[in-house]
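Chains as they are written, first to last, in the numbering used here: chain A, 1 to 333; chain B, 334 to 529; chain C, 530 to 630; chain D, 631 to 939.
Calculated directly from the structure, the hints in this document are not laboratory data.
Accuracy of the hints is not assured; some may be wrong.
Claimed, not checked - Partner residues aside, some chain B positions facing chain A, computed with beta carbon under 10 angstroms:
1) Tyr417
2) Ala434
3) Ala436
4) Gly442
5) Ala497
6) Val499
7) Ser502
8) Ala503
9) Arg504
10) Pro522
11) Arg524
Stated by the list, open to error - Selected chain D positions facing chain A (in silico; Cβ < 7 angstroms):
12) Gln686
13) Val804
14) Val805
15) Pro808
16) Ala841
No residue lacks a Cβ here, since even glycine has one placed at the ideal position from N, Cα and C.
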Amino acid sequence: MGLTERVAHAAARRPHVLLVPVPGQRPLRWAAEDVLDERGWARAASPAGADVLLCCGEPGPELADHVEVAWEAMPGPRVRVVATALAEVRPALLTGAARLSDLPVQRRDARDRSAPALSAAADPAAEPEVGHDMDHSMDMGMGMDMDMGLPGGLQMAGRVQDRDGLRLEGLNLSLGPLLPGWPGGLRLDVVLSGDVLTRADVVRLDRRPEPGAPPSLVALDALAMLLDAAGWTDGALRARRARATGASGPPTQDLLRRLRRARLLRWSLRGLPAPGSEDLVAHLDRLVDAVHGAGLPVAEDSRLARDVVGLDVGTASLVVAAHSALEAVGAGV
Amino acid sequence: MTPDDVTAEAVTTVVFVLLALVAVGFGFLVFRVDSMARATFALAVSFVAVGGILLLLDLDYLGVVVVVMMVMEMAIMAVFMIAYMMNPAGLMPMSMYHDKARAMSVAVGTFVVLAGGALLVDWPERQGAPPADVTEQVGLGIMGSHMLVMMGIGAVILTTIVSALVLASARSRYDRLGDDLKTRPARDPIRGGVGP
Amino acid sequence: MSLEALLVVAAALIAIGLYGALSQQSIVMLMMGLELMLNGVIVAAASFWYYVAPSRPDGQVLVLVVISVMTIEMAMGFAVQTAIFRAGDVELTDEATELSG
Amino acid sequence: MPVSELLLAPLALALLAGFVVVSYGADRALAARAAGRELTAAGLSPWPDVARLLLQRRRTTTAPDALLWRVGGAGPLVAAALMLAVVPFGDTVIADLPVGIVWFNAMDVLLWAFIWLAGWGAASATALIGGYRYLAQALAYELPLMFALTAPAVAAASLDVREVVAAQGDRWHVVEMPIAFAVFLLCVAAFSLWGPFRAPAGSDLAGGVFAETSGVDRLLLLAGRHALVVAGAAFAVPLFLGGGAGPLLPDWTWQLLKTLAVLLLLVVVRRRLPVLRPERFAEVGWVLLVPLTLLQVLVTSLIVLAEAP
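In isolation and in its complexed conformation, chain A is listed as follows (with noise of 0.2 angstroms):
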């Protein structure tokens, strides 16, 4: 076996996965969680730290527009793998693993990858303006209109207000809705001052309702989210555990043991915009609850569109994570 085998065989031992949830399909992305976890392989943030990229359920048309962008975006050595049904997660997972360290393969899709679509691949998280029909032009206070349009299809959108009353250039930007823990083709197409949203629309792509699920695991599932968007790894994959292992299980007395003491998280969530609820501090706590068989609270597009902006990108992906496991009423767009 010669040394470029050797390093695909070690680098296949681990690959890092981008999984693309697809709406309705969450039982998909829940088993591929759990092989993730199980198999100690990395969810990857961005489509540039990804080795595979597996979907959970095959993309509608809208969605299979952004899978296309994010599997251009990958670097290579890259897999595609689709599971279409429970019993293939973990065999398509397994394959796509496979598939990385063959090596003649990985070669012939480097070569036909043509260097432009290399190089002009587009980050999902960061990809041009879609949907907005706003005029770019603007005066630049030198007497010249100028198409705002810059090399590299990032689009400006004109000054607009920031919560500090400067007006600065605001930028077009798409987030989601392939970022770690946001909920099945979900995305947020917003403007943006720095980083603060002084505008945002909630887009649901490919809109299907997700199939009936225990509410105690949907809420575990909706605690993993908040965990994972509040960055508390740890915290996040008990919750993934305790999903997995059923709501009476010891893994879920221990999660909410832990919860119980988070000082630090409910300090983070606190004040924060909550669905139905005053903030995410209380909304943690009603999740808690309905881990304990307590109603679910229900998430609603509209009020998420108003309650993000203002926020700044992080905290505005904290709120969506809240709204991420739940029922969605009210359609956005």
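The hints should help you fit chains B, C and D onto chain A, whose structure is shown.
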């Protein structure tokens, strides 16, 4: 001089020439590159080179302090540049000069006068030698004979902090705490981490 | 390395800074020109300390003063620019003429 | 430990690499425990992650500033190595600077530039926001860090790291300056984008400053991040934990053991805490940590005065 001294001096000279070239060259690049980020960090490199020159002059503390202060300053500067300038990345070619020729002639004139003075003036002989602990010298200086200078600077810095905040901020304590200054928690656009 | 060589370097830095301060349209770039000139002053002060009066702290204190002046200049510069920007979207020196009286 | 000077630099780099592997392994072990996985030696090895990044192609974005991007990517590792250069291992120190403490501070300030450049160079909105976040965070921790570094320097009346070790004798600085020690560790985590301070590389930004990096660039950045934690842990030992002081074993062994202990502490904290949101931490830094560390320096000065002969 022993051979070792000669070698040491040659090394110092080479290092000095390199640092001087970097300081001046990157200083010039500041006004030659399109990208604001490159301009700012070219200036930062120029400062780091000057810090290196100070180290050659046995000014250990001041040399490193120049690096600390200036790199911090440039990083903050970059933020403001990108916030306030059009075309910060230099992606669109545009000229940002005025009076280029006149500015150049003034600059060249200044250089000729200053450098000529530096070479022609008969500088005084060196008096005394550097103390064993150079840092201690400056420490005792600002806490002793030159204390008034530093106290003055302290007062100016305090004034600067206050007036810069007043100038730059659109909100006052009345916006935050209400007319009677009793609103709790304060009405901030984003809540901080301390307090109720 | 000699006093003259160091002073020539200082002169070069000051001259380049002056060129930048005079030729640039943007307020921020003007400030960078000023910073570069003060950079030259640091070199000059340090070399005078080393080659003329190393037994006294004056040269070193002068360097500290220059560093403080630079930070003050920058803080005030950006504060003023923020204020101007808030008031009327001016970013170029040529447009800030109302400040001149 | 008589080692020829020529060997020192490679030896220190090997040491740095060794500690990076240890911290990586410890982190994997904790992750495996939290996930209920079985611990295996293979599971702790960083080799699969290194291998995949070595093999991965370098990806680029539209209109990146490649030069600044590379500088920002390689910078953290270099800064960490330069921090380690002033840490004494017994009698051996690579660079015996009279102003070692300020040097450490300067290297940490260089990170402001490097991390921001890593975000800027990628020419992507998420990476750039990550860079800005780092600066926002840096503004909150830098002054507390400077004052925390001042306390041991005041106690030793020197900026030389070896003098600081010598000044401690039997009573380690951590005894009289616990606040400075705690704040210092917090700031090490902060400048290394570690654990609760990883918001600039947060997953809410698709990895922030890491978002667009791939292949060797990412390897350098990730290794740099671990190396910074190692350098910070190694620097805490001479400053607060008596350097090489300890019974039986030679000085350099104690320095290594204490570094390892501090490092493991940081690794444990990394997984335990949620991310401190930068906008909330800013107020903590200015309203809480700055006065606390100033108080620490005052107390230290009073102790120095009281013990002056």
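Hint check:
no., hint, verdict
1, Tyr417, "8 angstroms, holds"
2, Ala434, "21 angstroms, violated"
3, Ala436, "19 angstroms, violated"
4, Gly442, "30 angstroms, violated"
5, Ala497, "15 angstroms, violated"
6, Val499, "14 angstroms, violated"
7, Ser502, "8 angstroms, holds"
8, Ala503, "4 angstroms, holds"
9, Arg504, "8 angstroms, holds"
10, Pro522, "4 angstroms, holds"
11, Arg524, "5 angstroms, holds"
12, Gln686, "5 angstroms, holds"
13, Val804, "23 angstroms, violated"
14, Val805, "27 angstroms, violated"
15, Pro808, "20 angstroms, violated"
16, Ala841, "5 angstroms, holds"
The structure does not agree with the numbered hints 2, 3, 4, 5, 6, 13, 14 and 15 stated previously, though it agrees with the rest.
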